[in-house]
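> Combine the two chains into a complex, taking the hints into account.
Letter by letter, the chains look like this.
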Amino acid sequence: MPLELILQYVFSGLVYGSIYAAVAIGFNIIYNATGIINFAQGEFAMLGGMTASTLAGLVPLWLAVTAAVALTAASGAAIERIFLRRVARAGVLKMIVATIGLSILIRETALLAWGESVRTLPFFSGNEVSSLSFLGAHFSPQVFWVAGSTALIMAGLTAFFKFTLMGKAMRGCSANRDGASICGIDPGRMVTIAFGMSAGIGALAGCVVAPLTQTHYAIGAELAIKGFTVAAFGGLGNSVAAVIAGLALGMLESFSTAFVPEAYKDVVTLCVLLALLFAKPTGLFGSRAASMKEY
Amino acid sequence: MRIRSIAKPAVLCAVVLSCLSPAYAADPIKIGAIFGVTGPAAYLGAPEDRTARMVVDGINKGGGILGRQVELIVKDSGASSEKAISFAKQLIEEENVVAIIGPTTSGESMAIKDVCEKAGIPLISCASAETIVDPVAKYVFKVPQKDNYIVEWLYRTMNKLGIAKIGVIASNTGFGNGGKAQLEKYASKYGITIAISEVYDSNATDLTALLAKVNAAGVQAVVNWSIEPAQSIVAKNMRQLKMTAQLFQSHGFANIKYVQAAGEAAEGIIFPCGRLIVAGELPDSNPQKKLLAKYNADYEALYNEEASTFGGHAYDALSILKAAIESAGSTDPDKIVRAIENLRNFSGTAGIFNFSPADHNGLLMDSIVMVTVKKGKFTLYRGN
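Going down the list, the protein sequences come from chains A and B.
The first sequence begins at 1 in my numbering and counts up by one.
The second sequence begins at 1001 in my numbering and counts up by one.
The following block holds chain B by itself, in its conformation from the complex (with noise of 0.2 angstroms):
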């Protein structure tokens, strides 16, 4: 009796809210999302997570994609690969996403290559090691810079300044571990000596220790790789021990909030990265510029913080993803990878994508330009 009795009522409800829903016209495209919104990686995560909504609701306000609504789906890894794999298994099977974006670690990503591969789920990822691209599996892609072009610009730069024994240090994760091994691939070829090498725990939050023994190596600069708030304490703990070495960081130090964390003891840290972030200083030329500066003036409007490279990926995935849909004319996984592929000169905020069957990132050297820190603020880095 009590099920009739509220039966009808329900029955006109749902009609009456399908009735008002725009997304009525036809089932919504679900894309799923998985960040470490919390964790270790939140510097990375969240603002992935607030540029992905504030994207997706964009879309809708612009009709869709292909006239349907976008609906997205995000999970929080807490940049554990365990979630990330039971997230991705949870998104493909009870969501049937139509693919997936992120995770924000590669640590992440390479756990769930496998997992898309055999699913059959275009995933674009928002880390950056190359081996999340190579070697190639189908459905895997990656907005982000590699990592070797990132070492590559800092042997660049090291050489200019004739820097030539260095200490690396580098947090214990795929990101870390992926960077280290670049960089002692590389450093023979720029002529440079890694006298010590060292990994450390992501969640340490006091490295003297580790940085008193690089010390007494004897060592010209220090390059420090890590997504990690550790980044910011590295560059206290040099500054507290005396230390003259130059601090190089990788491109995971993209966000203002490390620099505010690390106070005066970030001035004149080096690193590479995308142009998102020294936007303003870009010539009027810059293919790039409009849109790099119209991303952070409404990421900045609406979340009341700076924008990071971080955002600038989960930003890159989605408008790819969008274009590569449109331009396939369907949510086919394979018809999407083959319209990624054949993406060319697409400008986003990591740099212009050109996409290939052998390339799955599709951003050169030149989507990368090494900045510094001046008095507190990201600039453009001009050598000395």
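Bound conformation, chain A alone (with noise of 0.2 angstroms):
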């Protein structure tokens, strides 16, 4: 295979591995608040970028995108305080059972709002034909808008639960809620910021692919299973993972198209997902203490 061919590849399956990586980290945030995995992930990205198709045309596209991130966060927020919390006592397969339910009524809800049309933004720099090089290799400098974002969310987590009261105090939470209770910290809140930070994210991802592989109602729940898939793939609950394991899979999924029909990549990719959780069930870098969690 010569050299442009790989690179290719490469970049084609960063983008991807990018989004799944993000998508992936709204995963993870959330089951590290409250030991649920919440398939309404991929309608956030989906929010996101059809928020922002509909903003791009009245204001600036920074302030779209901006603006799209911050109501899709605020709408995370929402719908974790109106629907989830009511089934939190019921049990963690109870609410899973409900983000299911729920990213259902969101995908019907944007059918309603935006219609069946498949929308884009416009490119953040350049247009539909820019393109750069690379060694001989050719790709849209929004491969870099979607790869940047995706290490900025990382290092920005990665910070915040590091350095800051706020991002101690999840991580607090996330260990042991009781203690953390006892110290003052409220619980529930946490896991409020945990779903508005999540589906922040998730817009941000929707946002910055959405020039490069278009957007519409219905494209949130393929991004949910990929998004999971990375997060099991890399061990349930770590973001630095995610991103790994986000860019093997994307990867993965960019060189298969060399060896077998581009329709096919998925079962390439499933088959290799499948033969690694046989192998190892807590995901690359997971624990078995991290897959045992409890709300």
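Treat the hints as calculated values from the structure; they're not laboratory data.
Note that the coordinates shown come from a computational prediction; the quantities given were computed from them, not determined experimentally.
Beta carbons are placed, not taken as given, at the ideal position from N, Cα and C, and that holds for glycine.
Check each hint, because a few of them may be wrong.
Distance ranges between label pairs, derived from CB positions [unchecked claim]: (1) B:Lys1294 x A:Val268: 49 to 55 angstroms; (2) A:Val59 x B:Asn1354: 52 to 58 angstroms; (3) B:Glu1184 x A:Gly136: 28 to 34 angstroms; (4) B:Arg1338 x A:Val260: 46 to 52 angstroms; (5) B:Glu1093 x A:Val268: 38 to 44 angstroms; (6) B:Ser1327 x A:Ile96: 57 to 63 angstroms; (7) B:Tyr1186 x A:Gly101: 35 to 41 angstroms; (8) B:Gln1090 x A:Gly156: 37 to 43 angstroms; (9) A:Gly126 x B:Thr1193: 31 to 37 angstroms; (10) B:Tyr1303 x A:Val97: 35 to 41 angstroms; (11) B:Tyr1186 x A:Leu111: 38 to 44 angstroms; (12) A:Ala159 x B:Gly1280: 54 to 60 angstroms; (13) B:Glu1184 x A:Glu222: 27 to 33 angstroms; (14) B:Asn1342 x A:Val97: 30 to 36 angstroms.
Anything over 12 angstroms on all C-beta distances counts as not near chain B; from chain A, calculated [to be verified]: (15) Val87; (16) Leu111; (17) Arg119; (18) Pro211; (19) Lys265.
As structure tokens, this is what we get:
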């Protein structure tokens, strides 16, 4: 395989890997805070992209994206307060089922609000036909925005959880809910913030990728499956692992096109994933402790 | 007691309502429709749905068919063959429809071909695969141009442009696989070599990896055969990869929204399709021009969006059905089928239809023109 082609596959994998990683990070934040898998995670990416595409017609692009992220974060927090908190006592499993229901609700609402049309966002720099070259490989400048924002999310979150009081409080809640309560931390509030953050991150991912992949009301389900795959692949609860696993899955997908038809790339990646999970059920970097959460 | 107390007003209401209803004289004619209004084929199914509602409204305002009002029952299949089958059965068995128009996609049409054939209910498909009407099934018709005609138009254009080595990419659907098979079948007739031929997932949102592979095969042109939003993505990805190969699309590209989604990357795409989207450029002598202009104007006024050839397919299906029921003077399925087979020089949006017992499509090669994209608009392709 010539070098240009290999590089081309790498760039292609980078875009996908970054998006999967961003969605997986969203899964992890909520998992750490509550122990549930939020299957509405993909819908946040959809909401972000769709809201931004609507606003982009009215205000400058940067403002549209910022507002879309803020609005989606607010709706993520609201969803937790309005719906999930009510079923929290019923247990983790019922909450997970509730998130599946919520994802359907959000999707259908989006269909009513935006219709079935496919939408795009303007490219953040350049336009549809802009292209950068690197050692004979070509790619859209948007690739930098996608990879860069995922890197920024990862770095920002690491700093947030390590250095800020609120980040530490959230970690405390995650490690020992009762203990954190006794120390004066309100676990309910932390969970709401976790949902807000996770929705905001999903929305940002949905915005940066929209110029490349386009967006419509139904993209959420597939992103949620891929994001969950990546989260499980890396080990639930670990954001750095999610990025590594996301990139690995992205590369696997793009390189698989060299050998099998594109239509079957999901088959290849899912086979590899299943094999890995049989060998190491906690994921690449996961531990037994992290996979035994209770709300 | 309670039941009795509401019984009288309820009966009164029913009587009053039925007197007010214009359909009181006779039962309405029920026509079923299966469109992929949402899902991957939404850019086809949604305009079909809107057109069908518009046409039926027009028919009812004009006095209906044979003096009876028309009741259109639309089912949204989301372009899923499984759903199309269960909707077809529901329409036939529970709603007792006279005929079914749609489905939107070739895969769905093939899936319900047998259902309609066994039930003896006429089906007028809005999808393009040749296999829908070849071999001919007694009750199954289709209104879009056959995919083999589209392929021959593409190859003729390539011959003129001196293109001999191409790459084919198609979405993994009935439409995509049908087109890919036709492209492979006719390539040698036109001296074209297909260097690489691949299918991709119909929900694909990034095709750079696949296109890099196609590019590495050293092709002069790429033919993309799909109906999904991937059509815009292919255009963008090719430009981002700095590919110099000419991009050809199938007639699945004939919705201006795909051009808008691809932006500047859509410039110069060439594809074959019916005349509807270039109606304004046709000479006044063209027999279809008036009809096309009227349909475009009506649709755009009502829905505030540009018309597409796909909506035109629903228009054709309904107007053919109306003409057939009127000339048969009955809604008997066999009589409708015979009446459609006897339609001659019937002007539709896709072309001039001439059906026969052996030809359930009724369109010829000349129903197709080559179209290109210039400054974000569709325009007739006139060669270089």
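> Which numbered hints does this structure break?
7, 8, 14, 16, 17, 18, 19
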